[in-house]
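Taken in sequence, the protein lines are chains A and B.
Using my numbering, read the first sequence as starting at 21 and increasing by one per residue.
Using my numbering, read the second sequence as starting at 734 and increasing by one per residue.
Hints in this document: simulated from the structure, not taken from any laboratory.
Warning: the hint list may mix true and false statements.
Subject to a maximum C-alpha distance of 25 Å in a straight line, what follows is the list of computed BS3-like cross-link-like pairs (lysine-lysine) [to be verified]:
#1 Lys97(A) - Lys1060(B)
#2 Lys36(A) - Lys1062(B)
#3 Lys948(B) - Lys97(A)
#4 Lys142(A) - Lys1062(B)
#5 Lys204(A) - Lys40(A)
#6 Lys126(A) - Lys948(B)
#7 Lys40(A) - Lys96(A)
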Amino acid sequence: MNYQKDFKNLYNAFLKNAIKKSLFYSLFISFAVLFVISFTFWIVDVKQFWIAFIVFGALEAILFSVFFYFFRPTDKKFAKELDSLGLEQRVITMYEYQDDDSLMAKVQRENAIEHINRFDSKLLKLVIPVILLAFMISACVLGVSASTVSVLSATGVIKSGRDTIIDIIPQEDVYYSVTYTAKKGGIIEGELTQTIKEGEDASPVIAIASHGYIFVTWSDGVRDPYRLDLGVNKTIDVFASFITIDEYMELMKNPGEPEVPEEPAMGNIPIPKDEGEGDPTMQRYDENAQIIDGETYYGESVFDEYQADMIETLAQDTEMSTNTKKIINDYFDTIEK
Amino acid sequence: MINEKDINDFSLKIKEIYEQINRDVIGIKEVIEGTVVAMIAGGNVLLEGVPGVGKTRLVRTLGRVFGLPFSRIQFTPDLMPADVTGTNMVVKDDSGKTSFEFQPGPIFASIILADEINRATPKTQSALLEAMQEHKVTVMGVSRPLQEPFFVLATQNPIEQDGTYPLPEAQMDRFMFKILVPNPGLEDLMTIVNLTQKTMAEVADTVCSGEELLKMRETANNIPVATDVLTYAMILVAATHPTGEYASETAKKYLRLGASPRAGQAFISCGKVKALIKGRYNVAYEDIDELATMILRHRIKLNFEAVADRVSPDTIIEEIIKEVRAKYKIK
């Protein structure tokens, strides 16, 4: 018995139902996956939105094939389905006894065929439970919406999910610690340990060399003894390094050996201007790197020039706070000329 | 071998049988149908009901309709096995020589009405065992076959329990069906009273001989059963075993003992008859479901919890059917 030929109308109805069911379930899952991928892309700001569409298409094709394999009407399934619609196991019995030549089996087959022919194929209408339909519509709407958002985000029309979340959710304040320490040969004037909110400025400090010493550098390479860390966005833990005047003079004689006998790394030692001598790549002398410690004698003219420069610089600097300017002025007042 | 005429005759005969029975027995259609199905399938039936609901009348009518030798044994505590099976008597021949001669008991008939079977002692009850299962009787070491077809239609009263001997499981299992005979409804009651005002005589005619009954059985036996249906029936039996692999939750909760393999045989042989009576040539799930309570109710043993919860065997069987159908997704 060939069910496909003998009961063509019913068989085709089953086939259509199988296709509809396969399409329904595969689309349901594919849309759910499309939603997840598109949403993730939007959140993590992935611009390759087309990946989601490729996955959707490939998944739909695979799932449809898999579902259709399970839902396709084989002869036995066809028989069982028909029986469940009121044929009282006539068709499955006929299927199992199709090779039986006994009189009763023949009579049974005739009876079954008679009932199948009387069967109304309209009863084979595919019925999908409302709850499943609701899930399907939800998955479809979510999938399409998320992919649209993902495309708009990738093309810059709307913000990415991450930015949107940052905008919506208030960020918790972050604080960083700022620590200044002085190595042997000097002190730090100002607040040594500070806790600064992210993005804000630390209070200014100044590295002051002791008698017979000279400031070299901060451990992070900053060579200005005056230090003002602006827009703090990380923990700062630096120390100021000093060397003796003798060591400094020794270095002046051997400008090719810039290393400073202080640990740890301290940046380049300031070298006085000496055109035509020494390593041309060596950093030039920077008089700003000098510190007037109040005890070392520099000569009146040097100090006066230095102070005049300082006063002029402070007057022109509009960004420096009044407090900082006052600290610097006070410092110069303490220096013995 | 059956032929097309046998198949056609079956439905005609069954129609005539019902018509004739309904002339004498009013109402209790399910009881009549159950008894007829069991008779065609070759099983014994235990009818349980209060006095006066027509148990004995039904059995007598069946004897008339099938035109079969009919015996009635009133079971009492002093009834002896020999009173049922028969015994060897000393007889003298014409020459004065004495010898043993077997005097058949009432069991040597085709339809046996074992009235109030639970009133006899277990010893006498057990005299029926061999007859019911193997359709033969052994007396003094000699086995004698019983006339075919052979049926035991027993009755018992569920109310009066004093001085009764409940049938043991082995005996119960030999009854294909246990059918509960209900009190007639108002309409049936009026018909019964009107009918019996005119005459108490039984008027049913014989419409089916023993040979025809055996032919009907053979015809029904040829009905094909799909594997799915067979499996369903066997799972239903297995689901009554509380400790078995297929035990249902209801069985685990309320049963001490499940149905025997005879229940499985009964499902299939009676399912075939039922299908043919309905004009169908294959057994369907609904045939099995309709037979389930009659086949299983006397084969399952309830535990204390079921008794304490006042759960009836029929309720348990219905729950088991629901469970099995849901578990195996049988629509």
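field: Broken hints, by number
entry: Numbers 3, 5 - these are the hints that the structure violates, sorted from lowest upward.
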